[in-house]
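Trainee: Protein chains in written order, with my numbering: chain A, 1 to 157; chain B, 1 to 410.
Simulated from the structure, these hints should not be mistaken for lab results.
Heads up, the beta-carbon is just placed ideally off N, CA and C, and yes, glycines get one too.
Some clues are possibly wrong.
Taking beta-carbon pairs under 10 Å as the criterion, some of the chain A residues facing chain B (in silico) [as the list claims (entries may be wrong)]:
hint : residue
1    : Ser2
2    : Glu41
3    : Thr45
4    : Arg46
5    : Gly53
6    : Gly121
7    : Glu122
8    : Gly124
9    : Gly126
10   : Glu142
To be clear about the criterion: a stretch of chain B counts as covered by chain A if any three or more of its residues have a C-beta under 8 Å from a C-beta of chain A, and this derived list gives those stretches [stated by the list, open to error]:
hint : region
11   : 146-156
12   : 215-225
13   : 300-314
14   : 361-375
Read off the chains here:
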Amino acid sequence: MSRVVVVGVGNTFRRDDGVGLAVADALTARVPDGVDVVECEQEPTRLIDAWDGAAVAIVVDAAASGAAAGTVHRFDASSSPIPAGVFRSSTHAFGVGDAVEIGRALEQLPPRVVVYGVEGGEFGAGEGLTAPVREAVDRVVEAVLRDLEEATCTNGR
Amino acid sequence: MSVRIADGEVEHVELRIFEPPRFFEAFLQGRSFREAPDITARICGICPVAYQTSAVNALESLCGVEIPTPIRDLRRLLYYGEWIESHALHVYMLHAPDFLGYTSAVELARDAPEAVQRGLQLKKTGNQVMTVVGGREIHPINVKVGGFYRAPSKRDLRALVEPLERARESSLETVRWTAGFEFPERTVECDLVALRAADGYAIDGGRIASTAGLDLGPSEYDEHFEELHVERSNALQSRLVTGGTYLCGPLARYTLNAPQLTPLARDAAQEAGLGRTCRDPFRSIVVRSVELVHACDEALRLIAAYDEPDVSAVPVEPVAGTGYGVSEAPRGLLYHRYRIDADGTILEAKIVPPTSQNQLAIEDDLRDVVERNTHLDDERLRDLCEQTIRNYDPCISCATHFLALDVERR
C-alpha cells in the first residue's frame, strides 16, 4: 500500500495555532496501521518533505478566515488551490495553501490532498486552545479517520 | 505598518511587525535553569538553535563551566544546519521572487522549478544536519546546559558529508544566481553590530563589535544597548544608549568579519562583486548566499575533524547570579540574560532578538522609501515597503507577503 500521511501544522505557544498539532496528537493512537502522523511546528515548506512519496496527505492547520472560532473548513486540494484568505500566513513563512501550490508546481504533491482548517479565535502568545477550538478537535479527528478509512480502502485496491 | 502623509510630506512611519518574546520571559520565571534551552527553542520555529545557544552560553558562563572543544564544535555544526535552513528559506522562498518580478515563490516555482527545487534541497540538508546533531529536526531536543544528551557517532555524521558537498555546490550556484540580480543602489548608514570571534566568522559566541569600534563582552550589552517601549503598542525597539540606530545580521557580519570567511566563501564573494564591506540591504541576499557557502564548508570541516567525545556533556552546578549569552542567529545578534538563585531557579529572563534590534533601522529605511515614493498608489507603495522589509529578513512570521499598510493621506 502506498504511503498515507497526516500532518498537523502549528505552534503550541500561539494558543489556537496549536490546533493542528492537537489533532495530530489525538490521531496518533487511532490511525490505522501504515498511516504516518507527522507534526510540523515549522513553516509549511516542510510539508513538501512531510508528504514526499505519499499517495494521500491530510493536512490540519488553524484557519483565520473570519468565521466563528471552532468552524471546521475542509478542502480537497488535489486538483485545485485552496481559496485565498483562509489560512493565516503570519505565523509561518507561507500559508499551507502556498506549500500546496509550490508542491503542485514542482510536481511534488500527492495525488490526493485534503486540507482541514480549524478557525481559531486567539493567536496571541500563550498555551492552550480556546474552548470552541478545543471542542472542534474531536470533530476533526473523526472526520480525518473517515477520510483515512476511505483513502486506505481505495488505496489498497 | 502605518504611514501618515500630509501634503505629500511624510509625517509618520510606524512598523508593528514584531512581538518581543515577553511571554517566554515570564514563562521562564520559576523554572529550572536547565529548562532554558528547551523552552527558548520554542520561541522561533526557524531559529531554535540560536535561542538554545544564547541560553546555554549565558548559563554556562554564569556557572563557570568550560565546554570542551569537541562539544563546542558539535554545537557549531548544529548551528550551521540552522543557518543553511534559514538562509535557503529566505533567499529562495522570500527574497529572490522580489528581484525576478514575481509576487511569490509559488509563481517562481511555476516558471523556474529548478531554482526553487535547489532552494528546497538546500533547506532539506540544513534540516538533516539538525536532525542528526539536534536529535530532532524541529526544536532540537539534544542540547542541554553543559553539552548534549547524546553525542552523534562518527558514522552518523559521515552520512551528512555527501548531502553537504552537494549543498556546497548548490550554495556556490546560489551566489552566482543572486549576484546576477539587478540591485537598486542603497546604503545603510547606521552602525553595524555583530559578534566577533578569535576562531572564525562568529556564529556561536564571541564579543560584540560594531563598525563604530565597540568591543564588548556579553555582560556589557545592557550598558550600551537599550530597549524602548513604543507608544501605543507592545513592541520594544532597541537602540544604542548613545541614541543611535544600529543594524545586525548578515550585512553587519560580513562588513565586520568577511576576512574570516572560508577561502571558498571569500572567493565566491569576490566573484559576486561584493566589496570588502557591504552596506546595501538589497545585496543582503548575496551575503546570505555567501554565508551558505561558508556554512556548508565549515560544516564539512567540522565533520571531517570530528572525534566522538568521551563525554557528551560536562556537569553543571547552579551558581546564584546573572549570566549573559550571545550568538549570531541567522537574522543577527541574539542576546539572553538570566538571573538564577543557588538552586538554579530562574528569577528573571531577558531575551533581545535580532528583529527588535533591527526594528529602528528598518523603519528608517521605510521612511526614506515612502518619502521618495509618495506619488505611488497604496498598492504599489505596499509592494515597495514589503520588499524593503524583506531585505532585512525579519523574524519569519513578519517576512510574508501580507503586509497590512494603513496610509493616511491629507
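Trainee: Against this structure, judge whether each hint is valid.
Mentor: Hints versus structure:
1. Ser2: With a closest approach of 22 Å, the Ser2/A hint is violated.
2. Glu41: holds (5 Å)
3. Thr45: Result: holds, 6 Å to nearest chain B Cβ.
4. Arg46: holds (8 Å)
5. Gly53: Violated, because the Cβ-Cβ distance from Gly53/A to chain B comes to roughly 14 Å (cut-off 10 Å).
6. Gly121: violated (17 Å)
7. Glu122: Cβ of Glu122/A sits 13 Å from chain B, so the hint is violated.
8. Gly124: holds (8 Å)
9. Gly126: Holds: closest Cβ of chain B sits about 6 Å from Gly126/A, inside 10 Å.
10. Glu142: violated (27 Å)
11. 146-156: violated (count 0)
12. 215-225: With 0 residues closer than 8 Å to chain A, the region 215-225 of chain B misses the three-residue bar; violated.
13. 300-314: violated (count 0)
14. 361-375: violated (count 0)
Figure legend: structure checked against the earlier numbered hints; hints not met, in rising order: 1, 5, 6, 7, 10, 11, 12, 13 and 14.
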